[in-house]
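Top to bottom, those sequences are chains A and B. Heads up, the first sequence is in our numbering, so the first residue is 112 and it goes up one at a time. Heads up, the second sequence is in our numbering, so the first residue is 208 and it goes up one at a time.
Quick caveat, the hints were computed from the structure, so don't treat them as lab data. Fair warning: this is a prediction, and the values are worked out from it, not measured in the lab. Glycine included, each C-beta is placed from N, C-alpha and C at the ideal position. Among these hints, one or two may not hold up.
[As the list claims (entries may be wrong)] Listed below are several chain A residues computed to face chain B (Cβ distance under 7 Å; list not exhaustive):
#	residue
1	TYR338
2	ALA344
3	ILE367
[As the list claims (entries may be wrong)] Simulated restraints on C-beta separations:
#	chain 1	residue 1	chain 2	residue 2	range
4	B	PHE505	A	ARG351	17 to 25 Å
5	B	LEU332	A	VAL164	40 to 48 Å
6	B	VAL228	A	ASN119	52 to 60 Å
7	B	LEU332	A	LEU293	51 to 59 Å
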Amino acid sequence: MSAHVLSNVVVGLLFVLGIATGVFVRRNRLWREALFELWRRRRVSILVIGVYVLVALLDSIAWVGGGDVEGVAAHEARSVIDRIFEGTREASYSAPLAATSFYGKEPLKAPSRHLLGTDILGRDVFHRTLKGARVALLIGGVTSAIAIPLALLLGVSAGYFGGRLDDVVFFVMSTLASMPGLLLLIALILALGKGTWQICLALGVTSWVGLCRVTRGEAFKLRELDYVQAARALGVSELRIVWRHVLPNLMHLVIITFVLMFSGLVLSEAILAYLGIGLDGSWGQMIDQARDELSRDPVIWWNITAAGTALFALLLAVNFVGDALRDILDPRTLREDL
Amino acid sequence: MSEALLEVSGLRTWFPIRKGVFRSVVGHVRAVDGVDLTVRAGETLALVGESGCGKTTVGRTILGLEPAREGAVRFEGVDLAALAPAELRPYRKEVQIVFQDPMASLDPRMRVREIVAEGMRSFGLGKNEAERTERVAEQLRRVRLDPDAMDRYPHEFSGGQRQRIGIARALAVEPRLLICDEAVSALDVSIQAQILNLLSELQEELGLAYLFITHDLSVVRYLAHEVAVMYLGQIVEHGPTEQIFEDPRHPYTRGLLAAVPSVDPARRSAEPVVLGDVPSPASPPDGCRFHTRCPEVFDRCSREMPEVAVRGDRGCRCFLPRATEA
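Pulled out of the complex, with its shape left as it was, chain B reads as follows:
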């Protein structure tokens, strides 16, 4: 196992709810509420969870697009969350993002050449126009696109091609960590496979690390070395991918895995599925965040918040003995 590239600890990102004429803060949406995770150099960590659990906000906070309320985002030991904007700038190059919707993530009024070169200009990579053009061509080849396409506009490409352009834009500044925020969720299944193959080839070629944010567990199993399961702003379980899939310990993880549609009737489990809807992150339940939906809830769950019990390379936030005794 390689060393940690990115270490997030105790991260909280809260969004204030303002009301009235004076915009006084009447509460917070606790989108991210105490998240710890580690991405290792050249490996993939998948962050999974339902819509609205805060996984996208984790990515945005790591990038510095949202201010962290508490906690540290350490990139090779440097806490990015504590840096002033000017000091953060060199690290922007190291961490980049690929978005979910390839329609919205490319400026419709820019040519591919300008889109891919934007980060190069920003960081002064490539001395002149000719050199930048050469670098743009190189990036396009890297994502298996024809460099001749660089004078075309985003709407002239298909969804999968657009997603490749988005990847090329991120790679153009030579990052070491790529945050893929639902990067394949908006694509057709056949295109998904192409993009996933591309991502894993790029990981081998360039030694990239991925923080792969998704709700699609089948994608996770294909790509991820490790998995962190997120529920209502917290990580409820984390560990190596195979172990999480073969032996899920947290009731929520088991619920998620049971909800994955399977073509094999033998694999369809009789496990209880997670009940009801996600509570509002503006007023999360007391005690364990998951107790309102947990099929195995008992009285302690509504009073106390369980801590993450770490056993070896796995962790689980639950009181059940199965969670703590490996």
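Same shape as in the complex, but just chain A:
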């Protein structure tokens, strides 16, 4: 299956998942009230994240053909975002909203339409910045999809069932935690090769430990709680207890950790890009490539500013939401009127 078909399928699946989550939240009053409270407190941040998600989704819906565009092979799929910026590629640099190219020689194809200028290859910087959203969300999303189930499976089984399994899981966690994260990450990427899946896998391997430790401790605590004991006395099977009592009471931790982990992952990718092993089209890569341009005279500042601002705004919004979520969902701060 070619990459763009897979991408379209994933968008469809996300849509279905979104609706399913919506239905669940509508039915469950506790979650509904928690989300409403989140909306009340962090309206702007949520809207900002929403814009990023929308852009990333639009950039994920792609198809082949539709208009003859120069410089694009006939079999190459282009996303909705790509199609908006079609035919605006210049020869080289131009400043934001400039009518001529950077060195003033040739007129532009799309004068005064490059909101954030163009880069050395004449690509629209605003276009590239928008495309970076997809890469960032892809890294955060795919890595979380690898790390969270792994952390939950190992953490809950170690904490709830204990014994030898707990010893093994704890040993693996301690071993991983004892290695410098960045070195391990680089070693893994060098071993696995460069690519979206490889980098996500490498990030996943290095990031599950934190959540695993938290879920292990929580499952260990929940195991002894009276309502779990009561369920056991009522003859409910252990697996069903985990499903009905332990996992729902861990969910708030998973969500909080996910949100905070997400921003860490996006940042990690930027650091990797800076070291030259990041993903193509990421903000990290844009920042890395723009380093040299800062030494030009006059300075080409729009490249690095655009990528940096986009990265910063997303991380800030995510952290704001994470912070509010921690207040809202943490049972220690659970208010009686919630």
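With the hints as your guide, set chain B onto chain A.
Relative to the frame of chain A, chain B by itself:
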């Protein structure tokens, strides 16, 4: 006196103390160390003692939440402690528990409807959702709660109401024995009275038997037909409630009763109170378990462990003549 519903004999529940890399067992906490007791159908046995004496562990072992090391838990003659988990399942329905802390005993993410229906689902009571809802409503009415509240979450109720929900959950599988583990200790006194009244009404309505685990002697006198006094993993005295209160024979029982605060100065006794703290159940004293704190200790006590001397319907684990000669 009715027939025995639950007979516990020679029950020992020890918790291993593990140390080192290989988790080798270096000792045991003898939480329950040779307990005999009998709960009769439709009656209440109160199990009293200080914190840490093992009374909660007795309840948990009867429920099969802790494995018994030795001894038998006979429910209508069937030894539950010897059954495999699958064989034990039908008996889970017969014995249920109400916990002390109504905050911790209800899952905060479940609605009352789901909490009360959990046991019904587990045992296949009620064919469909509608029938289960009807049964949940019936249970809530039984504990004097409004059935309309079934779609609310535990944190929306007061402590007393939550304890009623806990009772409804236990009653939903129609047990014949209810273990109340400090079931009213965490509640305000006025709420305590309501819950105790509810429990005694339910006993009359449903013919329930209670094993009432508590440290609060005033509650015992109100509710219990019989009392067993527990000290450091053993029963030191048992008998009908009135007799235990009027004529306590074991020095520990007398100490406990003397420690109950009384508003009537005339009833305040000059009896010696129990001295010091409870020894560790990981290394209980030789001889009589109580001799380190007993005001009437003599040399035999530290050498030999007294057996329970049974006289009529009373028993006492002590060498003193007062204990053995009724």
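The hints, checked one at a time:
This hint holds: A/TYR338 has a C-beta 4 Å from the nearest C-beta of chain B, less than the 7 Å allowed. With a cut of 7 Å, the hint placing A/ALA344 at the interface with chain B holds, because the nearest CB-to-CB distance is about 5 Å. For the restraint placing A/ILE367 at the interface with chain B, the shortest Cβ-Cβ distance is roughly 15 Å, beyond the 7 Å limit, so the hint is violated. Judged by the Cβ atoms, the range 17 to 25 Å given for B/PHE505 and A/ARG351 is violated: they are separated by roughly 56 Å.
Distance hint for B/LEU332 and A/VAL164: a CB-CB separation of about 46 Å, consistent with the stated range 40 to 48 Å. For the pair B/VAL228 and A/ASN119, the supplied restraint of 52 to 60 Å holds, since their beta-carbon distance comes to about 54 Å. Checking the proposed 51 to 59 Å range against B/LEU332 and A/LEU293 shows it holds: the Cβ atoms sit about 57 Å from each other.
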